[in-house]
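Asker: So the sequences go chain by chain: P and Y. The numbering of the first sequence is my numbering, which starts it at 1 and goes up by one. The numbering of the second sequence is my numbering, which starts it at 526 and goes up by one.
It cannot be assumed that every hint is accurate.
Result set (BS3-like, lysine-lysine): computed pairs, CA atoms no more than 25 Å apart in a straight line [to be verified]:
#: 1; chain 1: Y; residue 1: K810; chain 2: P; residue 2: K36
#: 2; chain 1: Y; residue 1: K795; chain 2: Y; residue 2: K813
#: 3; chain 1: P; residue 1: K221; chain 2: P; residue 2: K438
#: 4; chain 1: P; residue 1: K82; chain 2: P; residue 2: K221
#: 5; chain 1: Y; residue 1: K834; chain 2: P; residue 2: K221
#: 6; chain 1: P; residue 1: K221; chain 2: Y; residue 2: K836
#: 7; chain 1: Y; residue 1: K582; chain 2: P; residue 2: K439
#: 8; chain 1: P; residue 1: K37; chain 2: Y; residue 2: K828
#: 9; chain 1: Y; residue 1: K770; chain 2: P; residue 2: K221
#: 10; chain 1: P; residue 1: K438; chain 2: Y; residue 2: K724
#: 11; chain 1: Y; residue 1: K770; chain 2: P; residue 2: K438
#: 12; chain 1: P; residue 1: K439; chain 2: Y; residue 2: K724
#: 13; chain 1: P; residue 1: K310; chain 2: Y; residue 2: K775
#: 14; chain 1: Y; residue 1: K582; chain 2: Y; residue 2: K609
#: 15; chain 1: Y; residue 1: K724; chain 2: Y; residue 2: K750
#: 16; chain 1: Y; residue 1: K778; chain 2: Y; residue 2: K724
#: 17; chain 1: P; residue 1: K134; chain 2: P; residue 2: K124
#: 18; chain 1: P; residue 1: K464; chain 2: P; residue 2: K477
#: 19; chain 1: Y; residue 1: K609; chain 2: Y; residue 2: K528
Per the computed footprint, the stretches of chain Y lying under chain P, defined by three or more beta-carbons under 8 Å from a beta-carbon of chain P, are [claimed, not checked]:
#: 20; segment: 528-541
#: 21; segment: 677-689
Since the hints were derived computationally from the structure, they do not count as laboratory data. Source: prediction; values computed, not measured. Where a beta carbon is used, it is the ideal one built from N, C-alpha and C, also for glycine.
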Amino acid sequence: MTNSISDIRETDLMFVIGSNTTENHPVIANFMRQAKKRGAKLIVADPREIDLAKIADIYLQIKPGSNIALINAMMHEIIKNKWYDQEFVAAQTEGFAELAAHIQDFTPEKVAEVCAVSAEDIKKAAQMYAAAEKAGIFYAMGITQHLSGVHATMALSNLAMLCGNLGKEAAGINPLRGQNNVQGASDMGCLPGDYPGYQKVYHPEARKKFEQAWGVSLPAKTGLTLSEIIHGGADGTIKFLYITGENPMMTDPDLKKVRHSLTSLEFLVVQDIFLTETAALADVVLPASSFAEKDGTFTNTERRVQRVRKAIEPIGDSKPDWVIFSELMARLGRPQSYRSPADIMAEIAGLVPEYAGITYERLDEVGIQWPCYSADHPGTPILHQDKIERGKGLFVTVDNISSAELANYDYPFIMTTGRNLYQYHAMSMSGKVDELNKKASESYIEINTATVERLGLKDGDQVKVTSRRGSLITTVKATDRIAEEVMFMPMHFADAKVNYLTNTVTDKMAKIPELKVAAVRVEKV
Amino acid sequence: MAKIIIDEQSYEVKDNLTIYEACRQAGIILPALMYDDRLEPVASCDLSVVEVEGEKKLVNACTQRISDGMKIQTQTARVREARKKVLTDLLAKHPLDCEQCSTAVQCKLQAYVQEYEIPHPTQKSSNKNYELDESNPFYIINPNKCLACELCVRVCSELQGVGALEINDKGYVQRKLTVECESCGNCIDICPVRAIIPKRFAEEYAQELAVMGKEQASEQTRHVKTTCSYCGVGCQLELVVLNEKVIDVKPVKVPPNNGLLCVKGKFGHKFINHPTRLKTPLIRKNGKLVEADWDEAYDLITKKVKEIKSKYGSDAFAGLSSARYTNEENYLFQKLVRTVFGTNNVDHCARL
């Protein structure tokens, strides 16, 4: 997030696109509801009429895979009517002329067809967004898990810059990160092209810095990304894989292939707190400690580094993950001298400028938002505040690219995926809680009531759902909150693993799979 | 800024605060059962009364705003008497079963009753005998304890934005049949008398109480502040620990969540002490995963790393880190992959 969660309460407008905030980031949704009550405006764009859509001033029920068309059409309308922040655009950005020329074709009338919403609503949304003094954009996987996910984030940043919504309070571009420490895992360099602090492995200066710090020579070649690694067993590039705290046998697309690849490895180590579907395939399973059994820090979606504190002793013979890594490194000839996680944080602070001022002592009461450059730096609640980090904000023109799969005769529906309030990801944690299971324990497919009728089905029927990659059996949930040609399945449930159906095709830049769009057919069983 | 005098001491505080807020800024916490700084102040319990010079009647500090030069007395005999009366009246409406009550620490009412030395009424105080409402899978409502202060009703409608609770005409809290409760449990932690409690906590605490008794259970209960491990909001919470078990979770009133939690943050931590947690390393032998000790597991990994490295080189290795891990662990893991395996083949699930 460029801004802070607490900013939401002060904002004039929220544009929520591709985020089912109430079910995935419930407490943020509470602040949105509070803002709405106070008089802030709310625009929601989502293929499903999610909870926030019910209180929205404008709800746009767009087709999956049409995000960029919608955003470009909003900019078309804003530029055409000169509603944009001319002062901000002139002083802080570059590439405006190219953007203006590019979005000429994206008239609300043309885009209305692509998105399956009315041109009038697109125009209203554009006007409302542009008229707000402080408008925040909030998005999640509904934007990113597409073939053109990166381009969609760029389109959103174009929109925010166009209306001067960057570098000020209660505005900004706010991706809502899914996992508790997905931000931190990226910050800490668990990325094939980045050392900690996004310092590039191809950059000789950066490499030298880490070689000196770690006393070892480091490879210059950028590594493989998640999906390349997962499928590396099958294609022979990867022989030894160490998976920690992840369950790709639930969460990755095209599970048949994932299984084949993981079982083709010469050696698979899995470290987890439960014997997950993935751990069951391992050669060695290492028992780790949960967050309640160790000290450390997580970095949340607003870049706030916060303390994790040990509450109980590790269960059984399990060990905190940092202890396991240290002990393994020692056995493999690289002993480390950390006495506690605080020592590791001290090393991080020395190597990552954005974390330079972070110490456990400073985090004791309230977390600090990075960048925090020194011991007396207060942290940064709002990014790009004095000036845009890059110097000038660059408008990047992007087109709407169709999803890899479109509905056709054999697979006449588009299935999209998402989550449910009462479960979490692959359920290895939430699925252990009986009360949560009472609320949601089995898979289902949401189908529009009219479609249910047309297919000769009824609510509660068992159906076989088939994509080009596989099929599964699940239960029909008839609903009016989804369009007639679109269906929805949650990703949590092991009884019908939705990722047997999803597409492995990825965004070229981020290598994020298009989990939000798969063409399917549905038959009664 | 306004200059005011509290208990003969001068303070400079922000304009337009309530007397309660001004006192708090001055470091004086007035008693209040029905106050929460996230909600608009309402005069309800009259426990926070103070004397203000020039005012004949006692003043409710929760709602009355300060003015420049105001002189406030918070501890006079008259104030204390008034508070005692309020507490005595409240106690008459509340069951006196503190010894059996499922609360790991004193509730607010109990604490004030002790502080103001209110004698427990001699005759049975509360003749209410309403049935418990156990219709929600996560929490129990005990109408007999309810003081009808409306804090739960207000947190549900004003902060959670749902409005699933109401005070009925009999004067206690009940669920609205027409509104779907999101089971966030934020009503539980705002209740001053534990009229709403988590089911699981009630069960587990009762088990412990049966073994160790209330006093010992209270003494041994620890509250550990930490960060929720579900989604990316990073809510601040306290794990309530008794006997090496996490028996409850409470929200903390700091950024980013300001005292709110969701259903998973509040009720989703049973996995921590779940019987199916992995307790030893496992090694595959003859196709089956069997229990092993750490040395055996480490030795096998070390042997395989050496073998595969000499046969295929560093780029045949890869590591997937976890968005569940701490920063320190993620840092160490990529350091392991880069310095020990010798490859940049390291990633995590940001893309999923």
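Asker: For each hint, tell me whether it holds in the structure or not.
Answerer: A quick look at each hint next to the structure:
Restraint check for K810 (chain Y) and K36 (chain P): not satisfied, since their Cα atoms lie roughly 59 Å apart, outside the 25 Å limit. Between the alpha carbons of K795 (chain Y) and K813 (chain Y) the distance comes to roughly 28 Å, so the proposed pair goes past 25 Å and is violated. Annotation: proposed proximity of K221 (chain P) to K438 (chain P) is violated, straight-line Cα distance about 49 Å (limit 25 Å). For the hint pairing K82 (chain P) with K221 (chain P), the CA-to-CA distance comes to about 47 Å; that exceeds 25 Å, so the pair is violated.
Between K834 (chain Y) and K221 (chain P), the direct Cα distance comes to roughly 17 Å. Compliance with the 25 Å bound is thereby established for this hinted pair. About 20 Å separates the Cα atoms of K221 (chain P) and K836 (chain Y), which keeps this hinted pair within 25 Å; it holds. Straight-line distance between C-alpha atoms of K582 (chain Y) and K439 (chain P) comes to about 52 Å, which puts the hinted pair past the 25 Å bound. This hinted pair does not check out: K37 (chain P) and K828 (chain Y) have alpha carbons roughly 62 Å apart, beyond 25 Å.
A threshold of 25 Å between alpha carbons decides the hint, and for K770 (chain Y) with K221 (chain P) the separation of about 46 Å lies outside it, so the pair is violated. Annotation: proposed proximity of K438 (chain P) to K724 (chain Y) holds, straight-line Cα distance about 14 Å (limit 25 Å). Only pairs whose Cα atoms come within 25 Å are accepted, and K770 (chain Y) paired with K438 (chain P) is accepted, the gap being roughly 23 Å. Under the criterion of a C-alpha separation no larger than 25 Å, the hint pairing K439 (chain P) with K724 (chain Y) is consistent with the structure, at around 15 Å.
For the hint pairing K310 (chain P) with K775 (chain Y), the CA-to-CA distance comes to about 16 Å; that is within 25 Å, so the pair holds. Under the criterion of a C-alpha separation no larger than 25 Å, the hint pairing K582 (chain Y) with K609 (chain Y) is consistent with the structure, at around 16 Å. Between K724 (chain Y) and K750 (chain Y), the direct Cα distance comes to roughly 22 Å. Compliance with the 25 Å bound is thereby established for this hinted pair. Of the supplied pair hints, the one linking K778 (chain Y) and K724 (chain Y) holds, its CA atoms being roughly 23 Å apart against a limit of 25 Å.
For the given pair, K134 (chain P) sits about 17 Å from K124 (chain P) by alpha-carbon distance, which is consistent with the 25 Å threshold. At roughly 13 Å between alpha-carbon atoms, K464 (chain P) and K477 (chain P) fall within 25 Å of each other, so this suggested pair holds. Of the supplied pair hints, the one linking K609 (chain Y) and K528 (chain Y) is violated, its CA atoms being roughly 30 Å apart against a limit of 25 Å. By the rule of at least three residues with a Cβ nearer than 8 Å to a Cβ of chain P, the coverage given for the segment 528-541 of chain Y is violated, with 0 such residues.
For the segment 677-689 of chain Y, the assignment as covered by chain P holds, since 4 residues bring a beta-carbon within under 8 Å of that chain's beta-carbons and 3 suffice.
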